[in-house]
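Engineer: Based on the sequences and whatever the hints tell you, model everything.
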Amino acid sequence: MSRDKVWTDLIAVSALESGDVTPVTLGHRELAVYDTLEGVTVSYARCTHGAANLCDGYFDGRRIECPLHQGLFDARTGQAVAAPARVALRMIEARVQDGMVQVLI
Amino acid sequence: MTEPVLTPITQALNDGVLTRAELKALMRRSDRPALIHLALWLMLLGATGTLVWASLGTLWVWPAMFVHGIVVVHFFSIQHECVHYTVFRTRWLNDLVGYICGLVIILPNRFFRYEHCDHHTYTQLTGEDPEQIPMPKTLGEYLWYISSVPYWRAKFQELGRHAAGRLTEVERGFIPKEEHHTIFLEARLMLAFYASILLACVVFDWWAPLWFWLIPLFLGEPVMRFIRMTEHVGRPAIRDMKENTRSNMVSAPMRFLCWNMNYHAEHHYASSVPYHALPRLHDKLKGYVHVEEEGYLGAHREILRHLFGGGSEGRRA
Chain A
1 MSRDKVWTDL
11 IAVSALESGD
21 VTPVTLGHRE
31 LAVYDTLEGV
41 TVSYARCTHG
51 AANLCDGYFD
61 GRRIECPLHQ
71 GLFDARTGQA
81 VAAPARVALR
91 MIEARVQDGM
101 VQVLI
Chain B
1 MTEPVLTPIT
11 QALNDGVLTR
21 AELKALMRRS
31 DRPALIHLAL
41 WLMLLGATGT
51 LVWASLGTLW
61 VWPAMFVHGI
71 VVVHFFSIQH
81 ECVHYTVFRT
91 RWLNDLVGYI
101 CGLVIILPNR
111 FFRYEHCDHH
121 TYTQLTGEDP
131 EQIPMPKTLG
141 EYLWYISSVP
151 YWRAKFQELG
161 RHAAGRLTEV
171 ERGFIPKEEH
181 HTIFLEARLM
191 LAFYASILLA
201 CVVFDWWAPL
211 WFWLIPLFLG
221 EPVMRFIRMT
231 EHVGRPAIRD
241 MKENTRSNMV
251 SAPMRFLCWN
261 MNYHAEHHYA
271 SSVPYHALPR
281 LHDKLKGYVH
291 VEEEGYLGAH
301 REILRHLFGG
311 GSEGRRA
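Protein chains in written order, with full-length UniProt numbering: chain A, 1 to 105; chain B, 1 to 317.
Zero decoy hints are in this set.
For each label pair, taking beta carbons as the anchor points, the in silico distance ranges come out as:
{"no.": "1", "chain 1": "A", "residue 1": "105", "chain 2": "B", "residue 2": "279", "range": "39 to 47 Å"}
{"no.": "2", "chain 1": "B", "residue 1": "226", "chain 2": "A", "residue 2": "100", "range": "53 to 61 Å"}
{"no.": "3", "chain 1": "B", "residue 1": "155", "chain 2": "A", "residue 2": "79", "range": "29 to 37 Å"}
{"no.": "4", "chain 1": "B", "residue 1": "208", "chain 2": "A", "residue 2": "38", "range": "48 to 56 Å"}
{"no.": "5", "chain 1": "B", "residue 1": "25", "chain 2": "A", "residue 2": "38", "range": "21 to 29 Å"}
Which stretches of chain A does chain B cover? Using the computed rule of at least three CB atoms under 8 Å from a CB of chain B, they are:
{"no.": "6", "segment": "53-59"}
{"no.": "7", "segment": "82-93"}
Examples of chain A residues lying across from chain B (beta carbon under 7 Å, computed):
{"no.": "8", "residue": "50"}
{"no.": "9", "residue": "67"}
{"no.": "10", "residue": "68"}
{"no.": "11", "residue": "69"}
{"no.": "12", "residue": "70"}
FYI, nobody ran anything at the bench for these hints, they're computed from the structure.
Glycine included, C-beta positions come from ideal geometry on N, C-alpha and C.
Structural biologist: Written as structure tokens, this is what we have:
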């Protein structure tokens, strides 16, 4: 039986790398928290192309670049926007509540 | 289950070689350094081209074309950085300049990008790294590779194959199906471009492209083969990035010419770090990566030592 998703505390906003991407582990999940120009978003941290950790890549406030092959994803939607990335990132619904980034998981 | 870490820079961060803040500072992008570098670099190209012009009609044109060719073949260095999108902050500028460089040196940019991705994933792993230059087994093989004959033969076969709409099994492994038509189109456009140039030469009796571009390109390519060998050849054919790649300490003019491509181990560690920040990354990774202090010549001495000294089986392809 599947349980309902609940909002779970992930990381304090003050602990985020400002304007950048911050690696966070939640249980066995490796997540990437993006401090985008339009708010905080969260995705699974591994590149869908080569499994590199996107948290070590270049982030320009909107797009995250894979550190291994420089494939590009839109960190707001997860959409793959430049080769060799083709499969979208798996995003996790996120919000900021009382100074905490929370994810619906 | 989480996949194992593939990115060397993640490993370096885990090992505490540099901090995330340092890495992020090194990855900062800018258009300005590359635009200045490119302007100066093109002036150098103009200067060596002037040498060719001044020596036309004399035997001196051959050494002049060789010197000019050494600069021409370094369009590869710019293209290489462009396929990593680290030359310019503006991403499309990397594509534009990369395609132009590829046209100059007969290396289709889109194809090179895909092939190079696999080179970074499987660096120096025999049978998996599509750009691996095999460790020569004899002096004859060593000299034959430097002659560039095998390089050009492979490149022309590759171009013809793609223009004919065919890919090898290896190429199918790193080029997604959706991109096959792009690779074929790119090869056809490149052939059409070169056919147009040669046709213009014949029709207008205008041979400048041969003297200032194509002959220098072929004369200079052995220098590029000599340099490309120093990146991995003679290093162990294993996954460990600390061992399988070599950085070469070369003079400032050479670093300018090759856009810091000599910091090759650092580049493999963090391919998102722009070329202009590689000397700073080099300082951070001191002792962590393999550095040849005596430059390209030192690297070739190591290759020749393996060639003549035995014990190189583990280093061979």
